[in-house]
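Protein chains in written order, with this note's numbering: chain A, 1 to 398; chain B, 1 to 264; chain C, 1 to 377.
Because the hints were derived from the structure by calculation, they are not lab data.
Idealized CB from N, CA, C, for every residue including glycine.
Accuracy of the hints is not assured; some may be wrong.
Okay, derived cross-link-like pairs now, DSSO-like style, lysine-lysine, Cα gap no bigger than 30 Å in a straight line [stated by the list, open to error]:
#1 B:Lys154 to C:Lys271
#2 B:Lys92 to B:Lys131
#3 B:Lys154 to B:Lys131
#4 B:Lys131 to B:Lys99
#5 B:Lys99 to B:Lys154
#6 B:Lys99 to B:Lys33
#7 C:Lys271 to B:Lys131
#8 B:Lys33 to C:Lys271
#9 C:Lys271 to B:Lys92
#10 B:Lys99 to C:Lys271
#11 C:Lys55 to B:Lys136
#12 B:Lys92 to B:Lys136
#13 B:Lys154 to B:Lys136
#14 B:Lys154 to B:Lys92
#15 B:Lys99 to B:Lys136
Label pairs and their computed distance ranges (CB to CB) [said to hold, decoys possible]:
#16 C:Phe18 to A:Arg320: 22 to 28 Å
#17 C:Tyr39 to A:Ala230: 51 to 57 Å
#18 C:Asn112 to A:Trp173: 32 to 38 Å
#19 B:Thr28 to A:Gly286: 36 to 42 Å
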Amino acid sequence: MTTQITEYHHMPLARRRLLIASRWLVQAAIMTVAAGLVMWLGFAVREALARKGIQFSFGYLGNAANFSLSEGLVPSLDDIQSILEPFSPSHSNLQALLAGLWNSLKVALSAIVLCTLFGTMVGIGRLSTNWLVRNLSFGLVEGVRNTPLLIQIVFWYFAVVLSFPPANAASNWFGGLLVSRAGVFLPGLAISESSGLASWGLLAAAFASAATAIVLQALRLRLILLAVTACALIATAVVGFPLAFDLPSATRFGARGGIALSPEMTALLLAIVVNSSAYVAEIVRGAIDALPKGQWEASASLGLSRSHTLRDIILPQVFRIVLPSLANRYISLTKDTSLGIAIGYPDLFNVYGTVSNQTGRNLEGVVIVMLTYLTLSWIISACVNAVNARVNAPGGVR
Amino acid sequence: MNAIELPTATMSRSVIVSMARVNKSFGTFHVLKDVDLDVGRGEVVVIIGASGSGKSTLIRCVNGLEMYQSGRLTVDGFNMPTEADRAIGGEKELASIRKGVGMVFQQFNLFPHMSAIDNVAIAPIRVRGRKPNEAKATALRLLERVGLRDHAQKFPGQLSGGQQQRVAIARSLAMEPHIMLFDEPTSALDPEMVGEVLDVMRELAREGMTMIIVTHEMGFAREVADRVVYIDHGRILEIGTPVDIFDCPTHERTRTFLSRVLRH
Amino acid sequence: MTGVVLRWLRRNLFGNPFDTALSLVVIPVLAWAAYAFAYWILVEAHWEVIRGSLKVLMTGIYPTDQLWRAWFSVATLCAMFGAGLGLAVRPTRTALTIVALAGTLMAAIVANVIDVPSGMLTTASASLGVAAWIGVDHSALGHRIALPGLLVGVVAIFVVLSPPGFEVWGGLLLSIVLTIAVSILTLPFGILLALGRQSRIASLRVISTAYIETMRSVPLILVIYWIWIIVPLLAPDTSVPGLLRGMAGFALFFAAYVAEYVRSGLQAVPKGQIEAARSLAMSSWTVNVDIVLPQALRVVIPSLVGQILDIFNGATLVFIIGLTDFLRAGQMILADPQNSGRTYEIYVFLFAVYFTIGGAITYASRRLETHLAKGSR
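Chain A extracted, bound-state conformation (with noise of 0.2 Å):
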């Protein structure tokens, strides 16, 4: 018998009709509501703005800031040398917007890893069999998601980073790890005097062959390999390394050299990474509880240590159903950045503000920021959404 969709009709074709009619008629009147809505908005906001002057175009955006950022690197069109330059008053503020973007990435891009790893050791701590990490680890989850992160973000600023020594006499950490109030020096790298051809090359087949050793399974290869890669590596140590650490030290007039992370990154990052933890410790922790009890047993069953079971059989099963709950965090993380504002810190949001108030363009300005953070909301969506589709395939990768 036929299996196509047939039009049947049963009702008279006059009521048909009106129904067909009346459908269109509500759908039209919705739209023209809605329409009509956004249209009275933008005449509303258009003719105030007129009243005072102002008329919505982006061209301010290339006009010059005429404010200073306490940080944040703009990408520099004259200069070749570096890519990246400090924002200074005289760039446009397209690019004070683009700096603060910058310093918003810094933070949510450090945040995002930081606190995927630390929430994780969070969450299984929190199904430690050891009474006093389990409970510490649920009260630093309670303690953080029950108090406003504002708070922890001023909290962390006031009392803890500006509490730190002063930058002429900063405590160094292992030697290459600075911390004072003038904010947090890690090592950086630099490119050192003894660099050249001869010099990069063989770093550069250094890192060839141990990347091919890990790759490859024939064990023989791969003992060959890695004895190129032993070579390689003493022979740039004999040229010269191309590289340098460049570990910073504390003067009399501050603090020198390495990567400089001013005070209000230090604070915002900290809070931020100890507040996402706490969410992703929660995440976790549920995922791992929502497993069947049947995992543990059979592995038991099968003589594996707790922290064995953990690593390959619990693990890699939670991490494919915490990827959409984690994806809403880092968004929320991304989002979070933005309350650096109350630290100084000039963000994307800080700027938007700064910009604002300078040129009196908040409506163009809402709609920008706004366009960025939904841009980034839907990128960290869909990459998340890759990793997720790739781990659930069919067969599934582990």
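Got chain A sorted already, so can you dock chains B and C onto it with the hints?
For chains B and C alone, kept in the frame of chain A given last:
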């Protein structure tokens, strides 16, 4: 495939449900193929068949929970809208049909946030506009009829499966339907509770209610049915009296199905 | 006795080598930290700063001679809270005793820290709350008027607090009133959005989805700030108080989250419920209002209570539109050169209060979850 209509079905009773060449597909899966079936007023029709044969879909088409694509389905004097009709509207027609058709589900589907008496009374109050006091009095009477008057204030979570199903039957009866549909009403019950539900259904049949029942309870079918319909892969293969179907089935497949089911 | 303790220690702290190592590291650190903290609290800290600035912390820059309005609000809030409790929790003897003790303790502290009349007012408010709790629980009339009563309470608070002007609202009172008002506002708006998202009318679906997705992608602070800026532009003749503009921003933002919670609640209602309702010839309105929504909300309520906490924590963001909430009040106090060294004291106090309130809300949400999961009431 034309329906085998026995003289008694058409001559002495008026037809309350009439299906003519009804077809239904779920996407490309053709579930009901040219179904012809007439159910007379006061008649009890039992539909049997293997799972996936389309018997649930058939009964759900009668009150519009599933939409059929082609053919003609008339219920209680109304033309049931097709899927194409429903895409445009057709809610009003459906509502008028459903007022006269009661449905009892395999999973009872009682409203968990209301007591038994509220479950029974809510439809008359909201749909037929009865006053709450009247509706509750009627509800109490109906609950008594199914033997659950003392449980009127209990919530579904506090009732056993058999009690819930009886409340469900009372709930459908509250709308004073002309025809009652039963979609495997005892399949989700523990064996010891099946009897109490079948008793209620038996009583209903005795009082002359038109009933279409999908069930696996062959003993019950033999006792209560006026006609038994065997449906196989979406087609009605055989219709006849219980004696005809159970004792001397015509088709090979009917025989195979019955032998598998009646073995227990 | 010692045997029991030793056994417990051995099992929970030293059960296996890894745990033992952990314990050996953690216990000394913890002990030192606890000792240092306790020492600081009891010996070093100068707590008078709290006593001196309590009024600012609680009510911001509200005029001192109008504080009776604030006390009225406190009493109304206690009554509303009690009524809410009455709907969900039975006032058992143990619960009542705990509340009575807590109330007396608070009153004693208040009497000590501020003055005796305040202590008495605290007791009166607490008693009002308990009375409301018992009243709503025991009487059917109480049940029916509880929810409308909450609305009346919020309106009453607004009416009573507003004469001195919205700009002077501040402190913890502002945070709490803002939270409650916004929580109530987001509910109908969120439900409408959720229904719109499931609607058969395509344009409604698109608009609702676009709105929800946008609100979930942008920061709250941006929404608050932007609404605050744009309302005066749209209505240049009327001056809308900053607080109300801020509240609108909060409501618009959180309604999207409420919509998502409600959507998941709607999806949790079994299809059979709708089929049964439709089989009884119920109209769409009846199906949604009498059958689906009550069941959906039951699933959604724990998340909604959790959202109240998000709103309360989000209330700290009103600094961006120039309002002084609890956190900002604390910062204002620290800005006074007299109090410059008291950073830790103020922050510890702020933390403690936020944690108490936050912890209570989280606890309530968890209890509701288990209570509702056990089946309908």
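Violations among the numbered hints: Hints 11, 14 and 18 not satisfied by this model.
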